[in-house]
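Got chain A; can you put chains B, C and D on it based on the hints?
Protein chains: 4
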Amino acid sequence: MTSVTALVCTLTPSPAASSSQLLAEQVLAGFAEKGCETSLFRVVDHDVKPGVQKDMGDGDAWPAIRARVLASEVLLISTPIWMGQMSSVCKRVLERLDAELSEKDDEGRLLTYGKVAGLAVVGNEDGAHAVTAEVFQALNDVGLTQPAAAVTYWHGEAMGSTDYKDLDGVPEKTAGTTKTLVANCLHLADLLAKDPYPPS
Amino acid sequence: MTSVTALVCTLTPSPAASSSQLLAEQVLAGFAEKGCETSLFRVVDHDVKPGVQKDMGDGDAWPAIRARVLASEVLLISTPIWMGQMSSVCKRVLERLDAELSEKDDEGRLLTYGKVAGLAVVGNEDGAHAVTAEVFQALNDVGLTQPAAAVTYWHGEAMGSTDYKDLDGVPEKTAGTTKTLVANCLHLADLLAKDPYPPS
Amino acid sequence: MTSVTALVCTLTPSPAASSSQLLAEQVLAGFAEKGCETSLFRVVDHDVKPGVQKDMGDGDAWPAIRARVLASEVLLISTPIWMGQMSSVCKRVLERLDAELSEKDDEGRLLTYGKVAGLAVVGNEDGAHAVTAEVFQALNDVGLTQPAAAVTYWHGEAMGSTDYKDLDGVPEKTAGTTKTLVANCLHLADLLAKDPYPPS
Amino acid sequence: MTSVTALVCTLTPSPAASSSQLLAEQVLAGFAEKGCETSLFRVVDHDVKPGVQKDMGDGDAWPAIRARVLASEVLLISTPIWMGQMSSVCKRVLERLDAELSEKDDEGRLLTYGKVAGLAVVGNEDGAHAVTAEVFQALNDVGLTQPAAAVTYWHGEAMGSTDYKDLDGVPEKTAGTTKTLVANCLHLADLLAKDPYPPS
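Line by line, the protein sequences are chains A, B, C and D. Remember, our numbering sits 1364 above the position in the first sequence when you count from 1. Remember, our numbering sits 1364 above the position in the second sequence when you count from 1. Remember, our numbering sits 1364 above the position in the third sequence when you count from 1. Remember, our numbering sits 1364 above the position in the fourth sequence when you count from 1.
Isolated chain A, as found in the complex (with noise of 0.2 Å):
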């Protein structure tokens, strides 16, 4: 069974609404709909500390995150937009992957490989563009895969003010994406469990 592990980087700890975090639940059930086991931290519930390693010691949550998403087969990240960019949770959360960069396996994989990235953005107004930009090179960095068309998306027009989580319902396209981004992170995440990238 497939495993997919959601990190929303909502600035707003529980239990508020968030609409990074809605965003995520709707991703998670296109998972769920097709067989896969899933879990969602909402990370800035948990003590996530500053830093590059694995484990920043003391109190550090990160750690017991990390497990998860190394069982994980997908990794889906779910962000808000704050002045066109990505929410400051969700780059601790890339900074904290960036230890696994030296962490391989038996033959020197890093752990990360064959794992797939999903995306989730949502804003009041534009930014998705540039989150996925930066979120999916930094993925990419420590060894995770982009499936095509891999992100969902939601923003309102210029300088508008409504959350996501406001609509009436989720808008066609913003479904539209979301389940191309279930279908293709599930077939790529296959793919690559049964047939891993070679040893470098």
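Hint data in this document are derived by calculation from the structure and do not stem from the laboratory. It is possible that some hints are incorrect.
[Unchecked claim] Heads up, simulated BS3-like pairs for lysine-lysine below, C-alpha to C-alpha not over 27 Å straight-line:
| no. | chain 1 | residue 1 | chain 2 | residue 2 |
| --- | --- | --- | --- | --- |
| 1 | B | 1537 | D | 1418 |
| 2 | C | 1529 | B | 1413 |
| 3 | B | 1468 | D | 1543 |
Only chains B, C and D this time, still in chain A's reference frame:
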């Protein structure tokens, strides 16, 4: 009298309608109301050669455009968004401006020092913040100054297909950012014309 | 036999030496060693028109390049860095690929689905990560897949002026990233050729 | 007397050595030589809460930092590069500054209007231009002005591992960009202090 030159970076040659030209014209109208002299180049109509020299020789249209830019106190770049990014025409303009790093006055200052930059960005969907980031970084590198809030923009909702030129009138928020852009560019251009940066 | 097409995005026409062409040739040599068929276009030598259609008519050189790209399993983009960003030629290539969003097979899949993307970036100083972010975002948008660690690059120290083509041999780290790029692109291209993404 | 506040965005708490702190101190020394009053916050040492309000309540360290920023004419951001991008601490600072869009003086101007921004960026390898783009875009959004050439930086060769703090002395080119940053920020801060932007 303050002189403003707009470089419109649509991919579409004249005489077709262009959203980025329309927004540039609206900004220039704001400058004209304040008593500025304005001019506009639709860059794709001119044979601007690839390269990073001030004159790429043999039919290169850049030297004439460059002369106008150097004779102006304000440079307005206007670009459409494609795939969340600036147009290739806009990128070419930046590359040609890169040559200014080698051009200095008698006191060792860049010829661009003292000029201020404004920006207009328009697209069906997101990209305005990312385009702003890259255009302003490049212009700052080559010696232009960015006044506070020196960008006006419009984009539609995620995966939208409406063009700015087909809207019913100017959206109120875009009208507001255009007004601020004009006021702040003019204010700073006047200050720097009277009191230039020191030689370095 | 896997086919690899490289689009070299230097600003400099042939026959002048080009760092981005050199790095592309080194990557293609890696593919050839693995038994691939390779071809290379130095895009600036061809009259690729501005626009976002698959054929801009009247002397447009893109349709011939596009035919080669569509006949290949791997697309390698190679670009120089100018002002920390990709070249305008590279941006034009991405814009022309944007047209692929309208082209689908009998089952509704993009013609680009199943193709994988590799990237080579080279500059005097910094920009490789930012260029990777933007190129991969655009290619992912239009249906290409990014294998893990699918980029090779070189740049000098801050404000450096050394060209890659003038180095004494290939830096060891760049040789390493080139090798990984080739291995991972080939592995994934083979998997996707045998087992394509599902129709959406 | 002009006041300059530096926000150092290293991921590493005091008292460990930090390259981004070192570069910030070098820039501040330049300002002090010109007679400025300077202060520095190593942000990670303070409990700056996630969020986009000026005060996130309950132990939030931002209000004290914000007070110092608002009392200064020049804001210097100094950030390390991780994965080609700014640090998560830097991103958090930008998010907190986003609150300034709601804060205006009696004439309707942002409290940040008239302040100028300088930037210091440092990393083992590339990212300085991309970080500059994003930080300046965000600061411009919230009302700060970017003087020409307002950034100083250093990075090593591609995939390098040398830290700025371990270099033998300050590289000549970085010393030069630091000097220009100081001169241009001071010049513009003086002009804007005497002659503020008009109300909008």
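Verification of the supplied hints:
A C-alpha spacing of about 24 Å is found between residue 1537 of chain B and residue 1418 of chain D, which places the hinted pair at or below 27 Å, so the restraint holds. Restraint check for residue 1529 of chain C and residue 1413 of chain B: the C-alpha separation of about 23 Å stays at or below 27 Å, so the hint holds. Simply put, residue 1468 of chain B and residue 1543 of chain D have alpha-carbon atoms about 17 Å apart, close enough for the 27 Å limit, and the pair holds.
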